[in-house]
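A.B. asks: Let chain A serve as the given structure and place chains B, C and D on it in line with the hints.
Number of protein chains: 4
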Amino acid sequence: MSKRQVRIGMIGYRFMGKAHSHAYRDLPFYFDLDVEPVMQAIAGRDPEAVRQAAGKMGWKSYETDWRRLLERDDIDLIDIGTPNDTHAEMAIAAAEAGKHIICEKPLAMNAEQAGRMLEAANRAGIVHMICHNYRFVPAIRYAKHLIDSGRLGTIYHMRATYLQDWIMDPKFPLVWRLRKEVCGSGTHGDLMAHSIDLARYLVGELTEVTGMMDTFVKCRPIGEMSGGLNAQVVDDRYGEVDVDDAVAFLGRFANGALGVFEASRFGKGNRNGNRFEINGSKGSVRWDMENMNNLQLYLDDDEKGMQGFRTINCTEEAHPYAGVYWPAGHIIGYEHTFINIMHELMRGIAGNFSPEPNFADGYRNQLVLDAVERSALTKQWVTIPT
Amino acid sequence: MSKRQVRIGMIGYRFMGKAHSHAYRDLPFYFDLDVEPVMQAIAGRDPEAVRQAAGKMGWKSYETDWRRLLERDDIDLIDIGTPNDTHAEMAIAAAEAGKHIICEKPLAMNAEQAGRMLEAANRAGIVHMICHNYRFVPAIRYAKHLIDSGRLGTIYHMRATYLQDWIMDPKFPLVWRLRKEVCGSGTHGDLMAHSIDLARYLVGELTEVTGMMDTFVKCRPIGEMSGGLNAQVVDDRYGEVDVDDAVAFLGRFANGALGVFEASRFGKGNRNGNRFEINGSKGSVRWDMENMNNLQLYLDDDEKGMQGFRTINCTEEAHPYAGVYWPAGHIIGYEHTFINIMHELMRGIAGNFSPEPNFADGYRNQLVLDAVERSALTKQWVTIPT
Amino acid sequence: MSKRQVRIGMIGYRFMGKAHSHAYRDLPFYFDLDVEPVMQAIAGRDPEAVRQAAGKMGWKSYETDWRRLLERDDIDLIDIGTPNDTHAEMAIAAAEAGKHIICEKPLAMNAEQAGRMLEAANRAGIVHMICHNYRFVPAIRYAKHLIDSGRLGTIYHMRATYLQDWIMDPKFPLVWRLRKEVCGSGTHGDLMAHSIDLARYLVGELTEVTGMMDTFVKCRPIGEMSGGLNAQVVDDRYGEVDVDDAVAFLGRFANGALGVFEASRFGKGNRNGNRFEINGSKGSVRWDMENMNNLQLYLDDDEKGMQGFRTINCTEEAHPYAGVYWPAGHIIGYEHTFINIMHELMRGIAGNFSPEPNFADGYRNQLVLDAVERSALTKQWVTIPT
Amino acid sequence: MSKRQVRIGMIGYRFMGKAHSHAYRDLPFYFDLDVEPVMQAIAGRDPEAVRQAAGKMGWKSYETDWRRLLERDDIDLIDIGTPNDTHAEMAIAAAEAGKHIICEKPLAMNAEQAGRMLEAANRAGIVHMICHNYRFVPAIRYAKHLIDSGRLGTIYHMRATYLQDWIMDPKFPLVWRLRKEVCGSGTHGDLMAHSIDLARYLVGELTEVTGMMDTFVKCRPIGEMSGGLNAQVVDDRYGEVDVDDAVAFLGRFANGALGVFEASRFGKGNRNGNRFEINGSKGSVRWDMENMNNLQLYLDDDEKGMQGFRTINCTEEAHPYAGVYWPAGHIIGYEHTFINIMHELMRGIAGNFSPEPNFADGYRNQLVLDAVERSALTKQWVTIPT
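Residue numbers (UniProt numbering), protein chains in the order written: chain A, 1 to 386; chain B, 1 to 386; chain C, 1 to 386; chain D, 1 to 386.
Isolated chain A, as found in the complex (with noise of 0.2 Å):
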């Protein structure tokens, strides 16, 4: 009658901290789980302010030190949404205790560090994913799903793009996410590496690339470590930005498909301009975050005269996870693509599986965003390894 627990030990709690938690406590809401999702604990390193942010989001306990998370026996699953450095010592750490995990995107600094945290999870048995959460969007769910019944035929392209524009202003601070040390690098793990992921889950593997990067500010103030949009400048001086702005790269899939890719987080007026469109000898699709819920879908077999794209609201019954929301036309948002995403997780861990995207994927990612820099760096194309 009641169910097993799965009791979570979240590291960090700033933006995916907040959308993993909201998404914890709304999964038993929508769905109906086989296991129980338990807000158990949450790491931080700022006492008051991960106290402040357990009690409004919701979580029974805190620690100051993330290492405690794993001595504790009443943790079943480790959420890793820290800056990327710290992802490889704390995925490995947990594995080796014995906990499933959940880490945040890019999964490591590099191919290298991303394979010996697959290594470990694999070694440990545990259940581990990687929240590449822009899967988990109906919409694209089923475009998967039309790609994978063979609706859209042979694939011959996917483009992808994704823009941002939080940093255009020169005196926007050196925040973490433009420091290498911290992130590896910066639109490219940032933004990119979400669009490798939605090209592998929906055309394949891709085999070699050739990339280019460029940071267009090459010196900002010093700002406060943690900052998102609203940082701070916290230093009269000023400090250079070691990774990419915007990053381009184009890519041939081992099936044959051509893929065309752009990220910068100097795209004005695009907050969050994630979008994609793919080619196949069938049919085509086209989408939006800015619109999340919808689908552009062209099929060639309309009768002549009726042919165009059709925008699709992905509410219904027909399209992937809907059914558990709201009736047709009333729109979901962000916040439940983690939610969907949560909802695998807790099924792999109720049949001990580990569901996509997972370590595995995070590792291919991460080689494909590893070729795209040493491409960019020598001007050559680099062949993906296999």
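Treat the hints with caution; some may be incorrect.
[What the hints assert, rightly or not] EDC-like cross-link-like pairs, simulated, lysine to aspartate or glutamate; straight-line CA separation at most 16 Å: (1) Lys-282(C) / Asp-169(B); (2) Lys-304(C) / Asp-169(B); (3) Lys-56(C) / Glu-36(A); (4) Lys-56(D) / Asp-34(B); (5) Lys-379(C) / Glu-208(B); (6) Lys-304(A) / Asp-302(B); (7) Lys-56(B) / Asp-34(D); (8) Lys-171(B) / Glu-240(B); (9) Lys-282(B) / Asp-169(C); (10) Lys-304(B) / Glu-317(A); (11) Lys-282(D) / Asp-169(A); (12) Lys-56(C) / Asp-32(A); (13) Lys-56(D) / Glu-36(B); (14) Lys-56(D) / Asp-32(B); (15) Lys-304(B) / Asp-169(C).
By construction, these hints were calculated from the structure, which means they are not laboratory data. Quick caveat, the model's predicted, so the values are computed rather than measured.
C.D. replies: Just chains B, C and D now, with coordinates in the frame of chain A:
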């Protein structure tokens, strides 16, 4: 071998004169016609202006008295593009002179005049049309085809809105389109007449209406009578605006559908916002003049999950008229609606019939206009005579 | 330090019950409140169903008789989400029991009932609201701010359309929303009530109306009373549909603006097509529920040549409520409108005032609903009492 | 009083021949010119076909050998609209004969040829242009004005995509546009050449590129050489497709901006999907051919909360060329881009200068095309000669 000529005499040479002249000029370029349109003569009161217009637009001769066109035996077709108060006199005289006629909309100042025009045309046995050009947008004509072939099922609703904003400035002068003695009504005969024509064309006859009309700016500086968008104030006195700025009505169609109609020249931001949506038991269509090549189509028999409004770019061979222009995706514009209607007119003259919309349509349109106006005055539902 | 509790007792647990429950659950996560909402008890007639609903949605206890909620002294607020025929009895009893109240729309079966509810609430001095959730869409709230601060100038027009299509199949059963004795009216009280609320909120009071109503499918198989979109036929007999499938009306606002309103459940392809446009002397706004985060804004004082409707994604700090959710461009959904309204309700209870929309708004809304209905019956314009 | 004549001799009379002929025919109707274009003669190899084309499109005479046009002293301007392999020979001969020239794009088969054409034109001192008609879309020309006047600030990004889908059926025949000996390249010279021209026009010169090209359908049935969309298979044998179906490249602009370009004839559902977005430090623009009258504009200096992309219908007096056509909101189409370019050509001939884009632009465009092609072959970045 050489084709029968249709020698045209046109009265009026401003906005509509330009649109019609251009259509005659382009007609043989695009369409294979059974007759040869000849731009024979143009009439206007100002000798210098009409001479210049003739030269610029390609007319062979000009007259300063429109009656001269009726007297000339080298004129087969009279094209009336003058203000509304002149239509009846000109058309009846032209019919009596045995000339074919195309007349701008609205057909007349009221249904009584329109009825006399229809009668005169019928008595004379001439070919006649009214220039409701929006029927000749390929997207709309294709919508008609879909409705007639039952693709939308039983029609339940039509809602049409026609918004402009060019007279909103209270200092915009009192041009002829704002004087009842010249135009009969304001927005009503100018814009709503188009929506009514589309309603009759696409859904069928209206049987009863209840309406309201209003004038937001009741006094304006005296301006050039002939003026359009750039009309100048010519006098420091003010005159009363005695026509409607806005009109709306509810109506019932003979087939049981409900109609909701609104037209205004106070729709800020809408330069030429002619739009409608029609809902049937099996599908719906939407159209908007600002992207006039597109038809939005929803079909209920699309598979579950793949339902949504399609954006059809009506530039393909399957679409009416589109085949004579450019390859798919290479759009046409406003002026092509006139080329298309003149093509029908030439077919009518070649085949000795009056293509729709003709004076009978103009008369029935005027019955609806009059009924709405009476309803607005009496605040009662008014039945449309059959 | 510990906050005053607001202990909630909710009656009804289906569509609206789910929406409200979720809102209470999420409220403290997003907003910093002066009171603490407690999901104390839920009431419903079916013991097993209400027990399960309580468990799933997070209510501490349940009752099978709503009157029990009024008797319990551990309940401060009654939330009424049952069919329309029960609102008056429940609300009046709740007010007399000294409970605060939030009631679903429409407030009652008619203005007389609504008036008595308002009176009872005022007499009891309790806090009361009506759940017109669309007022709490950030885009709409921002439109209100623009209008109030004069950015659109004098308002000339509002046109609103609310279209759904879930009952178009003639075999869809006769659920409670199609029975006059239970719901009072059909599309009118369900959808049009929302449009009227937005009209009153954004433009002001209506003074007179003329309307029409129609029922396209007049007999339906007997179905589950409680059913929504997936309701099942439960009987092989047919019953009469005695409410409207569609309604439209013309109205005049106290400030001189013209209103055109239409609602239908026969708008094929429109799942939840709640839309409006407002035109003023200096600008216009457009909104559409299917992309509810976006506001279209036209401003006349934009430079010549650069004028056009802007698509504002109302997810920025400048937009009402948006600051508590996610970074710009990370959209919210339908359910957030309820979180926002419950936030206002808690502010009201904390500050001992009844935030708008409250029972006075529900009553005035009902006056308009009643006037439209009488107008449709009498085919006369009907004046709205002030 | 009577104007100097510009007597035109046109070579080729299919798709581009039709577009150019129509433009010459309409030119004096819309524009006030300092010279008078005369449709003097048309040349084509098939006597009957060229005779009919001349009659239908309004040419005074015809020739079956294009060289005859160069010999005639009643020809001032040669218009070249034939397949790409003929441009160099014709243009050089025309220049040597002292004729002005407008030539279709791409200018030649490669940069070497294009360079010789430019040299010949310069040596002869004639007026020359290349027909990149998209520069003459009012929305694009207005975008240029905004960029040049600094409204978008420093340009960081241009991404352009040009997608068609007319050859996707593997049974579509091997027409001239698919044979390297005739067209030089496939999608690259046909579609990508347009995107490169817009890039050079709007952002500036590209300095280096890395590209990829692919051919998805490598063998096709032999078809009519002259065929377009409706080309017929004429032979049961198959031939090799030796040009690209799709091409993409990354590029760097001289001003530091990054460019991402893609063109394909395998973009299912995109009939003529010519699109771009440009992001600058102060604003962005977006354009799409399928709604070619609209420009999307984002301006950073819009007030907080009111920021968003505006849809500007570029049909107002403030927009280039729009003033000669129709009132605001009455859109123009594809063919008007040719009327506009011919207007510039006539201005050039009247003023004895070569308006942009001219052979120098065609040559520089070809340098980029060649560099992308070499890059695709060598898998290296290739520097564009300055």
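A.B. asks: For every hint, state whether the structure bears it out.
C.D. replies: Taking the hints in turn, this is what the structure says about them:
| no. | hint | verdict |
| --- | --- | --- |
| 1 | Lys-282(C) / Asp-169(B) | holds (10 Å) |
| 2 | Lys-304(C) / Asp-169(B) | holds (15 Å) |
| 3 | Lys-56(C) / Glu-36(A) | holds (12 Å) |
| 4 | Lys-56(D) / Asp-34(B) | holds (13 Å) |
| 5 | Lys-379(C) / Glu-208(B) | holds (11 Å) |
| 6 | Lys-304(A) / Asp-302(B) | holds (15 Å) |
| 7 | Lys-56(B) / Asp-34(D) | holds (13 Å) |
| 8 | Lys-171(B) / Glu-240(B) | holds (13 Å) |
| 9 | Lys-282(B) / Asp-169(C) | holds (10 Å) |
| 10 | Lys-304(B) / Glu-317(A) | holds (9 Å) |
| 11 | Lys-282(D) / Asp-169(A) | holds (10 Å) |
| 12 | Lys-56(C) / Asp-32(A) | holds (8 Å) |
| 13 | Lys-56(D) / Glu-36(B) | holds (12 Å) |
| 14 | Lys-56(D) / Asp-32(B) | holds (8 Å) |
| 15 | Lys-304(B) / Asp-169(C) | holds (15 Å) |
Against the hints set out earlier in the document, no violation occurs for any number.
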